[in-house]
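**Q** All chains, full assembly: derive it from the sequences and hints.
Number of protein chains: 2
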Amino acid sequence: METTRITPSRLAKRAHYDAETIHSILDEALFCTVSYVADRQPMAIPTAFARKEGQLYIHGSVGSHFIRQIEQGGPVCISVMLCDGLVLAKSAFHHSVNYRSVVIFSEARKVADEAEKMDALALITDHLVPDRWADLRPTTESELRKTTVLAFSLAEASAKVRTGGPNDDPEDASLPTWSGVVPMQTVRLTPIPREGEEDIPLPAYLVQ
Amino acid sequence: METTRITPSRLAKRAHYDAETIHSILDEALFCTVSYVADRQPMAIPTAFARKEGQLYIHGSVGSHFIRQIEQGGPVCISVMLCDGLVLAKSAFHHSVNYRSVVIFSEARKVADEAEKMDALALITDHLVPDRWADLRPTTESELRKTTVLAFSLAEASAKVRTGGPNDDPEDASLPTWSGVVPMQTVRLTPIPREGEEDIPLPAYLVQ
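The listed protein sequences correspond, in order, to chains A and B. Numbered according to my numbering, the first sequence spans residues 56 to 263. Numbered according to my numbering, the second sequence spans residues 56 to 263.
Please note that a few of the clues may not be correct.
It does not matter which identical chain is used: a pair holds within one copy or between any two.
[Said to hold, decoys possible] Think about it this way: if two alpha-carbon atoms lie no more than 30 Å apart in a straight line, the pair counts; the simulated BS3-like pairs of lysine-lysine are:
{"no.": "1", "residue 1": "K201", "residue 2": "K68"}
{"no.": "2", "residue 1": "K172", "residue 2": "K68"}
{"no.": "3", "residue 1": "K201", "residue 2": "K107"}
{"no.": "4", "residue 1": "K107", "residue 2": "K165"}
{"no.": "5", "residue 1": "K172", "residue 2": "K107"}
Hints are computed from structural coordinates only; laboratory data are not their basis. All of these numbers come straight from a predicted model, not from anything done at the bench.
**A** This is the structure in structure tokens:
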């Protein structure tokens with residue numbers, strides 16, 4: 056849904072409002088930044104999350120100051136950014152970044168239903184490490200009680216995407232400066248087992 | 056400087072206030088998220104930046120809505136996060152993330168001095184690609200006029216750092232579940248030259 060506050064004032068050609076683009080960025084990113092206002096002061100917290108259909112879930116300790124500040128509602132801005140590459144132009148001015156970002160305006164809904172809460176925790180776990188949840192002992196009632204899960208609607212979300220090479224001024228075209236793109240990627244390295252448990256086989260979902 | 060709003064309510068052992076820790080995280084991270092408040096609404100924008108001594112610089116077009124909203128001052132929260140690894144425990148509850156994050160509370164100072172402004176642009180360029188600035192044609196007066204540079208003091212900044220393996224409940228110790236850390240890293244891949252300019256040699260600072 057396009058609204059005034061998610062319509063960019065500049066570079067509107069980079070903006071996307073379709074669920075497919077927004078969901079694919081959210082599903083690839085592992086962390087989001089949750090921004091909110093406390094006593095007129097903006098606060099920003101990076102945290103793990105997961106998406107299901109048109110909702111984004113985060114979780115935290117029931118004792119977390121951050122969680123307690125937003126669980127009552129109030130406007131929240133959630134942002135996510137993936138960097139795909141550094142764009143090197145022939146002038147500093149035209150240097151840029153290939154990125155995919157999402158901004159969401161929403162309010163927290165505290166998840167009360169136990170089944171939805173458990174489902175959200177499974178989603179958050181599997182978002183970081185696919186197939187991990189099914190490999191774990193069941194989460195206990197006590198653990199569930201110590202955890203708050205918050206849901207945010209994606210109804211007011213937008214994505215921005217930049218791709219491609221540098222856009223230089225025509226008068227710089229003949230400069231002998233190297234220009235192009237340095238691709239960036241976030242990678243998972245070889246898993247390191249807990250000390251003393253090197254003989255426990257690596258599960259298939261962690262084999263790269 | 057430690058103040059009430061940068062003292063965490065939980066996991067205080069993960070908090071750091073020394074310049075060395077804070078600066079090293081800022082120098083490694085390529086992007087920050089700038090959060091501010093506009094009409095009671097929290098807004099968050101990911102952007103490039105650079106640090107010099109106790110200051111952080113960002114830049115943007117003079118026409119940027121975001122830049123215009125914060126250049127007049129008003130409270131800003133800047134956050135940075137590096138993910139070093141996913142921490143897989145024997146229970147979902149104790150899953151965690153090894154990360155290094157910084158949160159800064161500050162207000163924008165619009166950089167008016169041309170020398171400081173040019174210096175900040177060089178720093179931002181070289182933060183993304185070390186040694187790039189010296190390889191570029193000089194930035195023009197016109198380009199400088201089209202760009203706003205904002206500085207933020209790091210006086211009220213804090214870092215949070217988690218390292219190490221999972222912290223499991225003693226009663227889960229005997230579970231045969233694989234546990235440990237999946238290290239994460241952001242890497243630069245082979246630079247892709249601009250089409251038709253494959254014969255321009257890759258500068259030394261881009262050779263990996």
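**Q** Next step is simple, just say for each hint if it's right about the structure.
**A** Right, here's what the structure says about each hint:
For a Cα distance limit of 30 Å, the shortest separation of K201 from K68 across copies, 20 Å, qualifies, whereas the shortest one inside one copy, 44 Å, does not. When the C-alpha separation of K172 and K68 is checked against a cutoff of 30 Å, the pair qualifies only between copies, where the shortest distance is 29 Å, while the shortest distance within a copy is 38 Å. In this assembly of identical chains, K201 and K107 lie within 30 Å of each other by CA distance solely inside one copy; the values are 22 Å within and 42 Å between copies. Proximity of K107 and K165 under a CA criterion of 30 Å is satisfied intra-copy only: 16 Å inside one chain copy versus 41 Å between copies.
Only within a single protomer do K172 and K107 lie at most 30 Å apart by alpha-carbon distance; the minimum there is 12 Å, versus 44 Å between protomers.
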